[in-house]
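Enquirer: Each chain is listed here by its residues.
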Amino acid sequence: MDLIADFLLRVLGQFQSPSLAFLLGGMFIAAMGSRLTIPDAVYQFAVFMLLMRIGLNGGMTIRESDPADIILPALAAMGIGVMIVLIGMVVLSWLPGISRPDAIATAGLFGAVSASTLGAAMVALEIEGMDYEAWVPALYPFMDIPALILAIVLAGMGEAKDAKRRITPWMIVKDSLRGSALSALLLGLLLGLLTRPEQVFESFYDPLFRGLLTVLMLVMGIEAWQRLAELRRVAHWYAVYAFFAPIAHGFLAFGVGYLLNMATGFSPGGVVLLALLAASSSDISGPPTLRAGIPKANPSAYIGSSTSVGTPIAIGVCIPLFIALAQVVFSSP
Amino acid sequence: MDLIADFLLRVLGQFQSPSLAFLLGGMFIAAMGSRLTIPDAVYQFAVFMLLMRIGLNGGMTIRESDPADIILPALAAMGIGVMIVLIGMVVLSWLPGISRPDAIATAGLFGAVSASTLGAAMVALEIEGMDYEAWVPALYPFMDIPALILAIVLAGMGEAKDAKRRITPWMIVKDSLRGSALSALLLGLLLGLLTRPEQVFESFYDPLFRGLLTVLMLVMGIEAWQRLAELRRVAHWYAVYAFFAPIAHGFLAFGVGYLLNMATGFSPGGVVLLALLAASSSDISGPPTLRAGIPKANPSAYIGSSTSVGTPIAIGVCIPLFIALAQVVFSSP
Amino acid sequence: MDLIADFLLRVLGQFQSPSLAFLLGGMFIAAMGSRLTIPDAVYQFAVFMLLMRIGLNGGMTIRESDPADIILPALAAMGIGVMIVLIGMVVLSWLPGISRPDAIATAGLFGAVSASTLGAAMVALEIEGMDYEAWVPALYPFMDIPALILAIVLAGMGEAKDAKRRITPWMIVKDSLRGSALSALLLGLLLGLLTRPEQVFESFYDPLFRGLLTVLMLVMGIEAWQRLAELRRVAHWYAVYAFFAPIAHGFLAFGVGYLLNMATGFSPGGVVLLALLAASSSDISGPPTLRAGIPKANPSAYIGSSTSVGTPIAIGVCIPLFIALAQVVFSSP
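Chains as they are written, first to last, in our numbering: chain A, 23 to 355; chain B, 23 to 355; chain C, 23 to 355.
Simulated from the structure, these hints should not be mistaken for lab results.
Short, incomplete list of chain A residues facing chain B, as computed with Cβ under 10 Å:
1. P40
2. A43
3. R57
4. P61
Because the structure is a prediction, the values reported are computed rather than measured.
Using N, Cα and C, we set each Cβ at its ideal position, and we do this for glycine too.
Throw the hints in and build the complete structure from the sequences for me.
Expert: Shown next, in the form of structure tokens:
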């Protein structure tokens, strides 16, 4: 009984975190009809800073890590990404009013990963004082790319022998890696691995990323509200899926992370980040890849589901939920 | 005699402050025909940072303040905003070559408030080591909105029974609050009041605002020079009004602030900020509101008056003047 | 023998510097076909920050310097800029497949100076702990302007009596000074000389410039790769010149700096910066000036030479080379 009360208190305590506050603030002012906008150049730069920060830190840590430690979590991330797409496709296809391409594209977007949600999770863990292996955020592409590839390949298989425009998995990998999000992440990873960016990381990328993340959250809140109108025009089952999917995916990955913790000593903070990578749905890199890869799917359906419902749930519900869960589960008895 | 010499020395000392230096620098390079421009996205972001910084700090302080302390200064700010518009309308209408709508719009803009001037005043007070209640800058909307409403209502009354397009005061309030400037300020206020943004305030919004303010000042200096040409095309009395109005408004508000200081212990720094809120004229949020609300007024007249003359006088003359005045008036005898 | 091994080790050690790493990183992702771009507004702002930082620091130091110390290095910088253009014009005109206007424009661009290369050199010197007189980076215009003037005047002389469009040297000086790069540098210089920007310099312009420089380097790397295609379409001798010219110009200026060191005690770090000012070729301010001043020259030739070959060689080869050379030459025996 005490355990549940303690758990609920911890969840509530997370509600004053700046990331969630700015996200809700953005939704609030958009709902009030505010004309406040953040220039697109600032938004793009904030995303770049976030991904470079994740990449640089990941690269600098991998340099000093045992590669063996990373292989299992990376495989787990891939497996989770694939599972999310398969489950999502089955569930969504089974719901009324949702076409097969739309079901696959939506499942693909929820299998892919959101850098902003990941950033908010990192800041929340730091406030709680929960450590994690610094390479965990760099697992991002291991979950993101397989999910997008699987979705596009599944959608292509449905269309059968359309001989003219064959998309191979390798084309999707290349296209994903060339997108601005994964390019920035991988460039950061490479620079962190091969060069000595410690000083510029500590004086620029790391401190600015925290502040710019609040700006990103504000933009995402504004956009979440604005896309709600689009979402209302498509089947309501999207909203239902988008509400429950982040929580379910988070539990799935939390369970996998818990097994890794028992088997290899994977940190509790790492388990939380893995759960939140799974809970997040792509907002930056996924949509253009899917638009090109599954042209028959309706972007209003999958982008609206992710931006207006999935991301707010991932940040507002899943971050406090899985941090509190880890604090209870991993606390020394 | 010593008092006057001391006073003049203090005024001169303020001339090396970075805010004024960058403002004059911007005017200088514009006068020299420089092609240097600051990208609009950077300018907009700097304004956002400034207003969020004012709002967040205001909200965090109000949380710990006695609401009773704030009510009187807020009412004083409203009263001053209303007085400035009424005085300005009478004076300007009485000058030759100025139409009634132009007189009202110009008076409205000088009653409204400039966030950049306010930011420059805050930095100048800090350099002087003069403390103020941290919620004083958040009095901004209490002076700004009533001034704009009054101006638009007065202009509408003149036009009498134009039944088709009735603008109610509530519509002006809503429109003001939805503008990007007040949205950012009020969002910051709300986030400061209801959440815990201390860390991101101290590591991001507060330190960056000081630097970005110099960038804003540079932009305003460049714009002040460029708009002078526009101002030359309208009646010269605008320039005369714009030169003396900030000083007169500052003295009016300084007097009100002095009474508040005697009655309630309102801080000397607060008195200076109140005087400078009054001395400032709107450069960001006011013009579009007036353009929509008083369509018959000539924007070249009121924007030129404020940007090219009013703001440089408020920053270059009024900031040093009222800081020095407060140092003399409030120094222990 | 030990000396050479030591020298080569020092050169190799420079290869992990963040500036070079981000430049090569930019070239790498561009070569991989990445769609990552840095918004133009951010790039322009980064350049502004870099030049203001150089100007402010220069101005603040000149305030406390003996003007006599600066005159000789300034004259040396002018002489070097002029020499580079004359040598470049002779060498390039003598190579096959290069027209006279193209030869002069290319030589002019290599005589002019790159702010980003200069910034990278400053950061590299700081990492090595090599001090320099803080006004040395402000020698920038003393090399830049004479080189551009000479190139445009030489090109104009070739066209002889085209009476309609006479470009006087004073027009080129004015046009250079009004460009956004020199405007920002000189504004910073003036503000540093006449006002007290110490606080905003130390809290904003100086720390942010280091981080934004890595962003600039990334942009330059991307652009270097993209312009290679253009360069391939013109005579291959441009690439040969652009490869060797930075090194040769660096040695020329290093020699001049060495004489200044012996005559006046000019610092070893100052000698390196002078060499790197000479080794650099203009990427921001030079091209538009030349485009207007030598309309008959082909921009693909001179911009491609500078951006795709000259700048990478200046940063990747010349910075490590001349730092190591100075460490060997100026080390106490």
